[in-house]
Structure formats: C-alpha cells, structure tokens
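For the record, the sequence lines run as chains A and B. One rule links them: number in the working numbering = place in the first sequence (from 1) + 841. One rule links them: number in the working numbering = place in the second sequence (from 1) + 841.
Simulated from the structure, these hints should not be mistaken for lab results. Among the clues, some could well be false.
One copy or two, either will do: identical chains are not told apart, so a pair holds if it fits within one copy or between any two.
To be verified - Straight line, CA to CA, 20 angstroms or less: simulated SDA-like cross-link-like pairs of lysine to any residue:
(1) LYS1138 x GLY1148
(2) LYS1138 x ARG1116
(3) LYS867 x GLN1131
(4) LYS1001 x PHE844
(5) LYS1119 x ASN1197
(6) LYS1003 x GLU1162
(7) LYS1057 x LYS1165
(8) LYS927 x LYS952
(9) LYS1110 x GLY1148
(10) LYS1119 x LYS1138
(11) LYS1138 x GLU1118
(12) LYS1187 x ASN860
(13) LYS1179 x LEU1202
(14) LYS927 x GLN866
(15) LYS867 x LYS906
(16) LYS1094 x LYS1138
(17) LYS1119 x THR1145
(18) LYS1160 x GLU905
(19) LYS1015 x LYS1138
(20) LYS1015 x THR1191
(21) LYS1015 x GLN1135
(22) LYS927 x MET959
(23) LYS1119 x ARG1069
(24) LYS1003 x LYS1165
(25) LYS1169 x GLN1199
Number of protein chains: 2
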Amino acid sequence: MNFNSVIVRYGEIALKGKNRRTFEQKLLSDIDRFLRARHIDFSKISLRMGRIYIKGIETLPPLEKVFGIYSYSPALEIEKDYETLKKKVVEFFSLFEGAASFRVSCQRIDKNFPYNSMVVERSLGEIIFEETKTPVNLKEPAVNFQVEIGEDSIYIFTGKVKGFAGLPYGTAGKLVSLISAGIDSPVATFLMMKRGVEPILVHFKISESDARKVRKLKRILEDYSAGREIKLYEIPRDDIFKGNFATLYNNRKIHPYICVICKYLMHTKAAEIARTEKALGFITGDNLAQVASQTLKNLFAYRTVSGLPVYSPLISFEKEETIKIAKKIGTYEISITKSTGCIPPKNPKTGVKIENFQNILEETGLA
Amino acid sequence: MNFNSVIVRYGEIALKGKNRRTFEQKLLSDIDRFLRARHIDFSKISLRMGRIYIKGIETLPPLEKVFGIYSYSPALEIEKDYETLKKKVVEFFSLFEGAASFRVSCQRIDKNFPYNSMVVERSLGEIIFEETKTPVNLKEPAVNFQVEIGEDSIYIFTGKVKGFAGLPYGTAGKLVSLISAGIDSPVATFLMMKRGVEPILVHFKISESDARKVRKLKRILEDYSAGREIKLYEIPRDDIFKGNFATLYNNRKIHPYICVICKYLMHTKAAEIARTEKALGFITGDNLAQVASQTLKNLFAYRTVSGLPVYSPLISFEKEETIKIAKKIGTYEISITKSTGCIPPKNPKTGVKIENFQNILEETGLA
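Please build the complete structure, drawing on both the sequences and the hints.
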C-alpha cells in the first residue's frame, strides 16, 4: 500500500474574511460528495490548520476536479512514532527505485514532537542514503520527500497535483449557459463553474446528433460539479423561429443576418428560462473576432436584448487557448466529432446595423 | 552587425477569407507606424508569402507589442549567393561561441536556387563544425540555425520571439473602458485591445494620485496601440455623485451599498461617453467572486443599466493569472504603487436585492 490518505490545500477561499468558515465547510462537503459519487471509500475527512485531510482512502481520486482546491498530495499516513517513521520512509522510497537523487523536507506542525525538522531531515536522509545509495541533492532533487508531523499522525508524500483553484461549486449562484455542440461554449461554462457558478444549460436543438453531443458534454461538465447533476433544457429550433427557420434561411435578403437573428432569439428565449430558474444572467462562448460574424456590431445586436448580464469568459481568448482548456477538461474530443449542426452563411453580415436589424425582426414577425 | 532585418509571422488574420488582404495591409501599416513612433530606422517593409519582412533595420524593435503578430525572428539578410552564405554563416555563428551543440535547418522558398535544402543543411553544418568544433545535434540543438532562401535574398536567423497573436489594433471597433488605478482594469483593457479593440478610457477620479497612476497606465497601454494615442476621460467623482459622495458614504444605511451604487453611476455616466464616441459597449475588470462585493447579485445591479454590452475578459480568472499578465505587459508595478483611492466598506453588501437597490437610488435622488 503506497497511499492511504490525501492532503488537500486551498488558497483563495481561506482569504474570504468572515466567509472563510462557510467556504471551508462547503469545500469539505463537496469533497465528501465528490468521493461518494465516485464510490471511493474513505474513513474520515477533516479540516485542520487550513488544510483538508482525507484519511483511510483506498483509491486515489482525481481531486483536481473539485473547484476550490489549489493542490493536493497523495500521502501515506502513519502513527506518530519516530521508529515507525524511519522504517516506513525506506519502504516508501522503494517506489522511487532508480531515482537520480532525493531530498527530505520536514514540516513539524506539532511542536511537541521530540525531534525538530532539521534533525528529522538529516537522519531520514542518512537512512535512505544508506539503504539505497541514492545521492542527496538539496537544490534540484529528482524526488522531494516530504514529511509532515501533524497533530495526530505523520504524513509522508512526494508530489503535488495542481487543482484548478477557483471557488467551491455553486457558491456564486446560478447562470443560464447557452451551450452548443462546439468547442467554445462548454469551455466558457467550465470556466464560470470554476468561479462558483451553477450553470443551467440551455441548448437550442438543431439536430439529434448535436443534441447527443451536448448530453455528453453535460456529463463531462458534471465531473466538475462535485457530484451534483447539471440541468439541461433542450429547446427545438422551431420553437424560437416559430416554425419559419427554413423560409428565413432561404430568403436571400435575410440569409446574411441568420446567425445574429438566431442568437437574438436564443437570448430572448433563454431569458424566460433564467426567470424560471432564478438565474442571474447568461454564460456564452462569445469570442471577439473569432469568426467573421463575431463583430462588436453583431454582438451589440443581441447581447442586451434579454436585459440580463452576459458573461463571456472567452471574449479575449486566442482559439488555441480555448482548445488547450477543452483538451485538458475532456470536452474537446466530443466537440470535434462530426454532427449535423447549422450551416452558417458563406457571407454573413459582419456589421449588422441595429436599425436594419430591428426592421428585419419586425418584418419577419420575430421581434 | 548581427541583424539587419526581421521576419514577422502572423496567423489567425491570414485565415479571414476575403478580409485577409485588409488585415494584412492593416498589420503592415501598424508595424510601419509602430517603428516610426519609436524612431526606429528601416529601409523597407513588405509582405511576401504570408510573412512580413522588415529590411535594413538598425535597432531590434519589441514587435511583440504589435497585435496580430504570432512570432518574429531577428535575421541577417544577405545577397543570394552561396559563397557569401557560407562565409556569413560562420561569422554569424561566432555570436554563439561556446554553444553546446547546433543544427542547421534550411527552407528553400526559391525553388530555382541551385542547391536544395538538404544539401545546404549538410554543407553549412560541415563548415560550422570544421570552424568551431561545435557538435551537431539534430534532435535538441542548443542553437537552431535557420537559413531561409527567399525570392530575392537569403535570411539567417536562430530564434523566434513570441507575440501576443490577436488582431491588429482597432480593427474590431471602439469600446469604453472603465479604468481604475488597480491591477484588473488595465489588464482587461489590454486583453480587449489584443482582439482588435480601440479603448476609450474613462476614469472616475477620486484623487490626483490615482489619476496620475491612470495616466501612466494609459502610456503603457499606448505601447500596444501601434503608435496611436489612446483617449482618456477623467470624470470627477462629484460629477456622478452630484456632490453627495461624502454624505452617502457616511450614511450608515447606504454605506454597505456604496460600491454597487458607485459602479451603477459609473456605467450610467460612461454610457453618455460611449454614445458620443460611438463606442459599442464597455470593458470592465469585473472578476466573479474576487472580492466579497463581486457577487452575481451585485453585478446584476449595474451591468445592464447602460443598455450596452459589457465585456469582462477577467470574469473567470484567478487573481494570479491577472497578475501574471499585468507583470508581463508592464502595468503591475504602476498599479501596486500606493495612492489615495477609495476605501471600500468593511462589510459590503454581498447580495444586493434589486428592489432595495432601486429604492435606495430613488431615495438618494441618484436614480
């Protein structure tokens, strides 16, 4: 057995003044819920000195998927006894057989422990060296062996897994996320979830294959919602176009405006859902100038129609930045699979004039 | 003389279909303007095969500050003659004396050049090795020596400097940026500029020391505006508070709402400027849950008041991400200098109810 516990570090949420305890308790219960949802057994989870300790754990959980966590270390918890520590340290080190070099760092939280950090570091270093002949390297060790002498036990660990930081899921409140089967909107949703938002997904359904992709994307996003289900509304396109989509799409005058009209109608419809769900605004994957139709003029034509705030975390991203996150969180592979989606016009309007646009909406009975 | 030219690469803008030429010409003239603004002499700047060549340049310019550029390489341009190339290559290599290893990579754009890439690579490699005894390493060379055989000359270069990518300055249109002396809003402005936005800065002036910082921040941002001036409006706080700031700040009932009221009034006032300037929305440094008052409820209370779209590229950032960019672009050191700014309440409202907020605005005559 290599690991039986995890030490979890969180940052920002510890700074929240009087809200600190609320946030800590939320993170604690999120981790608990996250583990249970994955059927990962553990004996205890507790908060101590600005860290969270998960004890008696049998499988290493992907805790980077819990927002609010800065980093975590899979650790071996042993009883607080110096002789046991010396024995276990050598056993533990066998995992790193063949390592080029090592170092021992000790943090003594329990100041009553009879040996101080420097003594522990030096003597454990000597023991490991004698047993394995691995050379010590204090500056750039291949293995950084860490020993934490806590209040009730000792933890041995070597590495840190970085989390996404952020804030515990749902602590910020609800936003309606306009989600498509593409690359951008799932990433935008993820980034807002990271800041504590519970998203209500609204998908404007064009085809069954697109909708299937969106359902898969929802499941990926649920990896990050601390074991909670994410709501998804599927709205048939005909609902928002009042059955006129094909006619409008094939109308030569209206065709170049179709994307902006579509977004306008989506925002209008999604505002109803936001009201029902008591959501305080929208998340969109809007990215300035990514495609020809994403101009300030076009965005102007629909971003204020709902009267609700619109949050677009990708607005200033380069495409590669979005793709990098999509790959990291697991949505990319789903987003790029082929499906029957909408076919944007070859020459979309890049500078929709708001007066013309209003006229078109009125003429078509969509306003 | 080590360098006499620069090869500039751009990416995204080349993909803009029929807009490609417009964008290329804009980037070309931005580079031209950028160099002139810095009094950097050069003999010619031209576009060829999806790259921009700056010739006869005397100082190496910080071209990463021109948006739209993906990367650039300071290069030595020589006449298209194989004997000259062989001589110059050795001279050029003397800059890297003591390098652990090298490789020569050749790109032959002019297919009429009598030696193909492989021949050039091999023979130049041999010459350098004989002269310097530096070993060749094809996989991970310390110096990657690149030779580009172009239409009218040969370029020798070794490295790439990464640009910020994005789109040429101002191509997206104008937005009003609500700028303070803090860390966030200058970074938010920078990121939107990177996507082609021309910002109109609006600062709500609380103190002369804050305003001085903002003027310095404007000058830093002007490093990235391709030699163009950025407009700055300074609005005295008393203008938006109708002279009542102190009274309201000291009113126990209103005090917890003061930040939200202030933002509300800023958005209202800035909308007038946006109309005058024909700007299509706002840029703000809003960041969800960064401080206690940046909640969805509070943002809700002011983000829609202007009826204009609001773009907040930092909305999902972790504070460290913002600081990293601030340091990179040069605004951080200015933002963190001490100044007399506003003192936010110790216990700000974190969940402003929109009805209460409207009542307060009406009671105070600010609505």
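Hints and how they fare:
no.	hint	in the structure
1	LYS1138 x GLY1148	both (18 angstroms within a copy, 14 angstroms between copies)
2	LYS1138 x ARG1116	between (27 angstroms within a copy, 14 angstroms between copies)
3	LYS867 x GLN1131	between (37 angstroms within a copy, 17 angstroms between copies)
4	LYS1001 x PHE844	within (13 angstroms within a copy, 44 angstroms between copies)
5	LYS1119 x ASN1197	between (33 angstroms within a copy, 17 angstroms between copies)
6	LYS1003 x GLU1162	both (19 angstroms within a copy, 15 angstroms between copies)
7	LYS1057 x LYS1165	within (19 angstroms within a copy, 34 angstroms between copies)
8	LYS927 x LYS952	within (19 angstroms within a copy, 69 angstroms between copies)
9	LYS1110 x GLY1148	both (12 angstroms within a copy, 19 angstroms between copies)
10	LYS1119 x LYS1138	between (29 angstroms within a copy, 11 angstroms between copies)
11	LYS1138 x GLU1118	between (30 angstroms within a copy, 14 angstroms between copies)
12	LYS1187 x ASN860	between (52 angstroms within a copy, 13 angstroms between copies)
13	LYS1179 x LEU1202	neither (32 angstroms within a copy, 52 angstroms between copies)
14	LYS927 x GLN866	neither (35 angstroms within a copy, 70 angstroms between copies)
15	LYS867 x LYS906	within (15 angstroms within a copy, 43 angstroms between copies)
16	LYS1094 x LYS1138	within (18 angstroms within a copy, 41 angstroms between copies)
17	LYS1119 x THR1145	both (18 angstroms within a copy, 17 angstroms between copies)
18	LYS1160 x GLU905	between (24 angstroms within a copy, 18 angstroms between copies)
19	LYS1015 x LYS1138	between (28 angstroms within a copy, 10 angstroms between copies)
20	LYS1015 x THR1191	between (32 angstroms within a copy, 15 angstroms between copies)
21	LYS1015 x GLN1135	between (26 angstroms within a copy, 14 angstroms between copies)
22	LYS927 x MET959	within (15 angstroms within a copy, 59 angstroms between copies)
23	LYS1119 x ARG1069	within (18 angstroms within a copy, 45 angstroms between copies)
24	LYS1003 x LYS1165	both (16 angstroms within a copy, 17 angstroms between copies)
25	LYS1169 x GLN1199	neither (41 angstroms within a copy, 43 angstroms between copies)
Against the hints set out earlier in the document, violations occur for numbers 13, 14, 25.
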